[in-house]
Amino acid sequence: MTQSLNTIVPAEATAHLDSAHVGDIRGALGTIRQHDHAPRTSWRARLLTLLAIMGPGLIVMVGDNDAGGVATYAQAGQNYGTSLLWTLFLLIPVLIVNQEMVVRLGLVSGVGHARLIIERFGKFWGAFSVGDLFILNFLTIVTEFIGVSLAMSYFGVSPYISVPVAAVALIAITVTGSFRRWERFMYICILANFVAIPLAIMSHPKAGPVIHDSLIPHVQGALNSTVLLLIIGIVGTTVAPWQLFFQQSNVIDKRLTPRWMTYERADTAIGAVVVILGAAALMIATAFAFGGTRFAGNFADGHAVAAGLARSISPAAGSLFAIVLLNAAIIGAAAVTLSTSYAFGDVFTIRHSLHRSWKDARAFYAIYGALVLAAAGIVLIPRAPLGLMTLAVQALAGILLPSATVFLLLLCNDRDVLGPWVNKTWLNIVASIIVGVLVVLSLILAATTLFPSVDARRLSMALGVLLMVSLLATGAVQIWRRRSTSTTERIPSGYSKPDRMTWRMPPLDTLPKPVWSTTRKIGMLTLRGYLVIAALLMIVKIVELAIGH
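If you're matching positions, the sequence shown starts at 95 in the working numbering and goes up one per residue.
Treat the hints as calculated values from the structure; they're not laboratory data.
Even glycine gets a Cβ: it sits at the ideal position worked out from N, Cα and C.
Hints may contain errors.
The calculated lysine to aspartate or glutamate pairs, modelled on EDC-like cross-linking and capped at a C-alpha distance of 20 Å, are [what the hints assert, rightly or not]:
1) Lys607 - Asp508
2) Lys615 - Asp508
3) Lys217 - Asp603
4) Lys518 - Asp508
5) Lys217 - Asp510
6) Lys518 - Asp593
Derived CB-CB ranges, DEER-like [said to hold, decoys possible]:
7) Ile295 - Arg388: 19 to 29 Å
8) Thr356 - Ile444: 24 to 34 Å
9) Pro514 - Leu619: 24 to 34 Å
10) Ala410 - Pro258: 24 to 34 Å
11) Leu184 - Pro606: 34 to 44 Å
12) Ile255 - Ile310: 40 to 50 Å
Given only the sequences and the hints, what does the whole structure look like? Please build it.
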């Protein structure tokens with residue numbers, strides 16, 4: 095079934111929307127009426143529109159600077175100086191490319207990421223993806239409450255008080271039945287994220303090393319499995335699988351449509367810059383505060399970092415870091431938990447919208463509350479290995495990300511879903527490179543874990559060359575296939591005069607089921623099998639660190 099590009103499909107007829115997803119856009123900083131089709135010609139009108147639409151992109155990005163992220167960036171700075179700054183700036187295009195794709199999927203389809211995977215790839219692959227998401231998200235939420243515990247213990251507040259209070263506050267903020275109220279609270283957390291900048295300034299950074307280490311990829315000391323685990327952790331905490339599910343559902347919940355595509359893309363790009371600036375500020379602060387002191391190379395946890403900054407710089411610096419950690423934990427817990435609740439709403443087709451009251455969406459809010467309370471309870475277990483759990487979650491996210499990105503890439507090339515909004519060739523090339531690099535990183539980690547004596551530097555170079563050859567070969571095959579396919583076969587009828595702003599995906603049950611080739615099935619099964627092995631090896635590495643090897 096092919097939909098005419100000049101036909102406006104009523105919102106209620108596109109896929110399986112919760113009816114609360116249709117109506118006025120009520121953002122934290124403005125309102126746009128449902129039937130407002132006026133052109134935005136002046137800069138003032140465009141700015142006001144952007145302010146009303148902004149939110150999902152900023153929240154998903156700053157939510158990535160969560161408690162685990164703050165700990166990972168602080169560890170990188172304390173143990174390796176500013177030598178890993180380059181990893182952050184290389185991640186800006188990765189963030190923008192990944193999240194721009196889910197923005198298109200959300201605005202055009204009106205369906206959450208989890209439901210699209212299940213409907214287009216079947217229950218088998220849907221179970222894998224949502225199962226991964228649930229396990230990883232729950233562990234991530236646990237790390238957020240670890241962050242709350244460590245941050246408030248710096249101020250002398252017992253975890254048995256701070257953790258339950260934070261859990262209850264998160265639930266209370268979310269179940270109000272007001273999307274705008276929830277988003278305004280998230281904006282407070284976004285503003286608090288900028289506290290990391292004065293903290294970096296207080297450490298008296300030197301411009302030369304910062305600029306050099308931001309542009310030139312290298313590692314302070316030897317390239318080994320420990321530093322590779324940290325690099326994968328940086329990738330996993332900055333570009334996490336939960337982001338894909340969260341932003342796609344959140345733009346739908348905010349009632350955005352393809353008409354607002356440009357503004358939501360701008361929201362996403364701004365968010366990517368903001369999150370990297372915050373991460374870089376934390377890495378710079380710990381690098382220059384601890385460089386040349388007894389604290390260098392001895393990262394323990396967030397509480398120890400705050401105490402070290404208090405001694406190395408001033409008590410105010412320690413307090414600022416604790417505030418940054420607490421804020422990161424709150425926004426991270428809110429976003430990651432909501433991502434999981436959205437996914438469950440998609441899978442079980444229950445009402446799932448922040449516009450609905452507790453009475454209208456009990457199951458949605460009950461899932462949210464149960465996740466928050468269970469994660470908070472785990473943190474209160476005596477002698478739990480909280481520090482290693484934090485690092486393990488970030489590394490696991492980095493290992494599982496290639497699989498999530500592959501599904502994203504397949505969905506964004508599905509013409510039945512996106513019509514005229516499918517990926518352009520250059521975007522597929524960039525996304526393929528991203529997936530390849532992520533797989534290479536996890537391969538290096540697996541090899542150095544199994545064979546500690548292996549030369550990690552030479553292995554990295556060899557796998558890098560193999561990746562380039564593989565990408566070139568794949569590109570050549572795709573070009574050959576494209577040239578051998580007629581234009582008529584490549585472009586379905588009805589797409590000759592695209593009216594992109596009004597094209598929406600038809601109801602899911604009317605779409606033809608995608609047909610997978612044998613090669614694609616083998617490739618996906620191979621990727622899945624490898625990622626399971628890589629995840630197990632990562633656990634082995636974490637256990638080694640736990641027992642001091």
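Now for the hints, and whether the structure bears them out:
1. At roughly 11 Å between alpha-carbon atoms, Lys607 and Asp508 fall within 20 Å of each other, so this suggested pair holds.
2. For the hint pairing Lys615 with Asp508, the CA-to-CA distance comes to about 16 Å; that is within 20 Å, so the pair holds.
3. Straight-line distance between C-alpha atoms of Lys217 and Asp603 comes to about 15 Å, which keeps the hinted pair within the 20 Å bound.
4. With a C-alpha separation of about 12 Å, the suggested pairing of Lys518 with Asp508 holds against the 20 Å cut-off.
5. Distance hint between Lys217 and Asp510 is fulfilled; the C-alpha atoms sit about 19 Å from each other, no more than 20 Å.
6. A hinted pair counts as satisfied when its Cα atoms are at most 20 Å apart, and Lys518 with Asp593 qualifies at roughly 17 Å.
7. With their beta carbons about 23 Å apart, Ile295 and Arg388 fall inside the hinted range of 19 to 29 Å.
8. At roughly 32 Å, the beta carbons of Thr356 and Ile444 sit within the given window of 24 to 34 Å.
9. Judged by the Cβ atoms, the range 24 to 34 Å given for Pro514 and Leu619 holds: they are separated by roughly 32 Å.
10. About 28 Å separates the C-beta atoms of Ala410 and Pro258, a value consistent with the hinted range of 24 to 34 Å.
11. The supplied range of 34 to 44 Å is met by Leu184 and Pro606, whose beta-carbon atoms lie about 39 Å from each other.
12. At roughly 46 Å, the beta-carbon separation of Ile255 and Ile310 lies within the given 40 to 50 Å, and the hint holds.
Comparing the model with each earlier hint shows no violations; every hint is respected.
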